Amino acid sequence: MEVLQLVISGISQGCVYGLIALGFVLIYKATEMVNFAQGDIMMLGAYVAITFISIWDWPFWWALPATIMTMAVVGIILERALLRPMIGEPHFAVLMLTIGLGFVLRAVAGAIWGNEPRALPTPYVGEVLNIGPAVIGYENLAIIFGTATLCLLIWLFFRFTRLGIAMQAASQNQLAAFYVGIPVKRMYSLVWALSAAIAGLAGVLTAPVSLVDPLIGFVGIKAFAAAIVGGFGSMPGAILGGLLIGLMEQFAGLYLPPGFADMSAYVLLLVMLLIRPQGLFATMQKKKV
Amino acid sequence: MRFIRKVSYEQDINLVKHSGHILWYGLLLLVVCTGPLWLDRFLMGEFSLVFIYAIAGLGLMLLVGYTGLVSLGHAAFLAIGAYTHAYLLNLGVPLPVAMLSAALFSAMIGGLVGIPALRMTGIYLAVATLAFAVIVEQVLVNWESVTGGFRGMAVPRPELFGVQLGSPMAFYFLCLGLLFVSLLLVMNILRSPAGRAMTAVRDSETSAESMGVHLARTKTMAFALSAAFTGLAGALFAHRLTYLAPDAFTLITSIQLLLMVVVGGLGSLHGVIFGAIFIGLLPQGIAILRDTVPASVAQIPGLEPAIFGLILILFLIYEPQGIYGRWRKVRLFFEEFPLYRKATYKRQKSFLRTERLH
Numbered sequence: 001m002e003v004l005q006l007v008i009s010g011i012s013q014g015c016v017y018g019l020i021a022l023g024f025v026l027i028y029k030a031t032e033m034v035n036f037a038q039g040d041i042m043m044l045g046a047y048v049a050i051t052f053i054s055i056w057d058w059p060f061w062w063a064l065p066a067t068i069m070t071m072a073v074v075g076i077i078l079e080r081a082l083l084r085p086m087i088g089e090p091h092f093a094v095l096m097l098t099i100g101l102g103f104v105l106r107a108v109a110g111a112i113w114g115n116e117p118r119a120l121p122t123p124y125v126g127e128v129l130n131i132g133p134a135v136i137g138y139e140n141l142a143i144i145f146g147t148a149t150l151c152l153l154i155w156l157f158f159r160f161t162r163l164g165i166a167m168q169a170a171s172q173n174q175l176a177a178f179y180v181g182i183p184v185k186r187m188y189s190l191v192w193a194l195s196a197a198i199a200g201l202a203g204v205l206t207a208p209v210s211l212v213d214p215l216i217g218f219v220g221i222k223a224f225a226a227a228i229v230g231g232f233g234s235m236p237g238a239i240l241g242g243l244l245i246g247l248m249e250q251f252a253g254l255y256l257p258p259g260f261a262d263m264s265a266y267v268l269l270l271v272m273l274l275i276r277p278q279g280l281f282a283t284m285q286k287k288k289v
Numbered sequence: 001m002r003f004i005r006k007v008s009y010e011q012d013i014n015l016v017k018h019s020g021h022i023l024w025y026g027l028l029l030l031v032v033c034t035g036p037l038w039l040d041r042f043l044m045g046e047f048s049l050v051f052i053y054a055i056a057g058l059g060l061m062l063l064v065g066y067t068g069l070v071s072l073g074h075a076a077f078l079a080i081g082a083y084t085h086a087y088l089l090n091l092g093v094p095l096p097v098a099m100l101s102a103a104l105f106s107a108m109i110g111g112l113v114g115i116p117a118l119r120m121t122g123i124y125l126a127v128a129t130l131a132f133a134v135i136v137e138q139v140l141v142n143w144e145s146v147t148g149g150f151r152g153m154a155v156p157r158p159e160l161f162g163v164q165l166g167s168p169m170a171f172y173f174l175c176l177g178l179l180f181v182s183l184l185l186v187m188n189i190l191r192s193p194a195g196r197a198m199t200a201v202r203d204s205e206t207s208a209e210s211m212g213v214h215l216a217r218t219k220t221m222a223f224a225l226s227a228a229f230t231g232l233a234g235a236l237f238a239h240r241l242t243y244l245a246p247d248a249f250t251l252i253t254s255i256q257l258l259l260m261v262v263v264g265g266l267g268s269l270h271g272v273i274f275g276a277i278f279i280g281l282l283p284q285g286i287a288i289l290r291d292t293v294p295a296s297v298a299q300i301p302g303l304e305p306a307i308f309g310l311i312l313i314l315f316l317i318y319e320p321q322g323i324y325g326r327w328r329k330v331r332l333f334f335e336e337f338p339l340y341r342k343a344t345y346k347r348q349k350s351f352l353r354t355e356r357l358h
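Chains A and B supply the protein sequences, listed in that same order.
All residue numbers for the first sequence refer to my numbering, where the first residue is 1 and numbers rise by one.
All residue numbers for the second sequence refer to my numbering, where the first residue is 1 and numbers rise by one.
No lab work stands behind these hints: they were computed from the structure.
Keep in mind that a hint or two might mislead.
[As the list claims (entries may be wrong)] Quick partial rundown of chain A residues pointing at chain B, CB under 7 Å, derived from the structure:
# : residue
1 : 34
2 : 69
3 : 92
4 : 100
5 : 104
6 : 273
7 : 277
The model shown is predicted, which means the values in this text are computed figures rather than measured ones.
Beta carbons are placed, not taken as given, at the ideal position from N, Cα and C, and that holds for glycine.
Whole structure, please, built from the sequences with the hints as guidance.
Below you can see the structure in the form of structure tokens.
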């Protein structure tokens, strides 16, 4: 029953990629900016949770919402300080800016929390569920469950709330949204808050599985591949792309020579870009003149 | 303020626009050629590195600054150049042949990467090159029979026609000479029809195509040329490192190269040189800074990348034209004093620059 085990761990790893990819996609859809620092914001979220739980001794179920709120505030601050002046600049400039931001965040995290890997204690750590011969850690189940819940919440938010619909409008056409009275800039701030909050949640969920150090943000690059495989700009695509990459990595690790597991995400990305550059769920088309 | 009287159309593409150019660039050449007189061994090594960065930067500038294709994976070409060069040298191939093959092989791979890249633009292309770089890095780690994997690969000392070039001074002149040749080549490429086609593609693909520019050919050529210069820089970089390991060519290296052309000033060859000086000498500056600030601050791990990142952010927000753009503004200020108007260089923002169709 090796396969079941692989599928479960692939899905849980894929959910983490998917969550980060979701953050990329939200920001891209709303503001046409590419936030390359999404993985590092996730790293920050994990450290904030560690601060609340390990250092300040808060109970886990308080710390979780507190982390998410803190990250939302961080998202707003980043948007106001760095990204607001970049509205209207070329995509490439914003991409470089967020790459720089990633460097700075890693150093800041290293300076505050140190470079040694740290663990995040959770109430469910170490417990396992036996399904037949497969052994599944509760932390993996928590990732899968947390992602599913979050997706449902986000879907409800964008489908039914006034704010969600206003955000959609701002993302579909800035000018038109502005003309009908939607505060587009405030929507930008809120989208950043939302995306940083999702990254925070991803950080809390992934911390028990992999230890936290300032470099865990590099999974953001794989999540980026996931977002593109899913079709940059499509939220279900982001999650699906994440799952696809997570599963592929697990199976490549088992059946292919060493080295291929790390590479598989990028090979998938290149193949995807070659045969279907618009991704699984196309939202983009070539600009017509 | 100098006014140039134009008497023929060829004047527009002359390498030397006016006699002032000859004087100032001649002086600059004199200064760098006499470098060994006023530089100690250590600084000479650092300047060789600056020259190597500048060659790689020329390649990247052709692609990013002049063709408008962003690459996040140029460390891969640097690596391909370095490994090819070292591998051939180890087989006993003479230095110039190995160096040329490194550049050519890198160009070939660059052209291959360029072909699928034709279908992508903007962010997609950047990520595809990133994926390519990661794959190359993995190949370097895992293809042990050729690259030595993590154990690495020794680079023989450079030797030309029986003359050892290992000393800092000889290496300084080797790098300087190759930089000079590359610079001339790039300047001539840029004023040739091929180079003008690249600029046209950068400014608007649609209008370039309707004016008869062959998009696919231009982009592939830009990729190949860019990879060739970066590969050449890689060959020199191999000698500078003396021992090749895959961790010298990571994503960070790619980003540093990109940082160089952005901070220097996109779309200008001056920018390459400014950027290379900046990137090459910044670690030294940081090291000096480390000695002056309190130990608690200096000991922060990852301080150097963080400072790189911070500088990048500040440049992108306050001076997207880079160092060369700032220099031009300062120069114009003095030329037009007291009539300088800030609005001359006002940035144009464009809203709704979308690739999506609703």
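Results for each hint:
Checking residue 34 (chain A) against chain B: minimum C-beta separation of about 5 Å stays under 7 Å; hint holds. Using the Cβ-Cβ criterion of 7 Å, the hint placing residue 69 (chain A) at the interface with chain B is not satisfied: the shortest such distance is roughly 26 Å. Among the interface hints, the one on residue 92 (chain A) holds; its C-beta lies about 5 Å from the nearest C-beta in chain B, closer than the 7 Å criterion. With 7 Å as the threshold, the beta carbon of residue 100 (chain A) comes within range of chain B, its nearest partner Cβ sitting at about 4 Å, so the hint holds.
At about 4 Å, the closest approach between the beta carbon of residue 104 (chain A) and any beta carbon in chain B falls short of 7 Å, and the interface hint on this residue holds. The beta carbon of residue 273 (chain A) is positioned within 7 Å of a beta carbon in chain B (closest approach about 5 Å), and the interface hint is therefore held. Restraint check, residue 277 (chain A) versus chain B: the minimum CB separation of about 6 Å is within 7 Å; hint holds.
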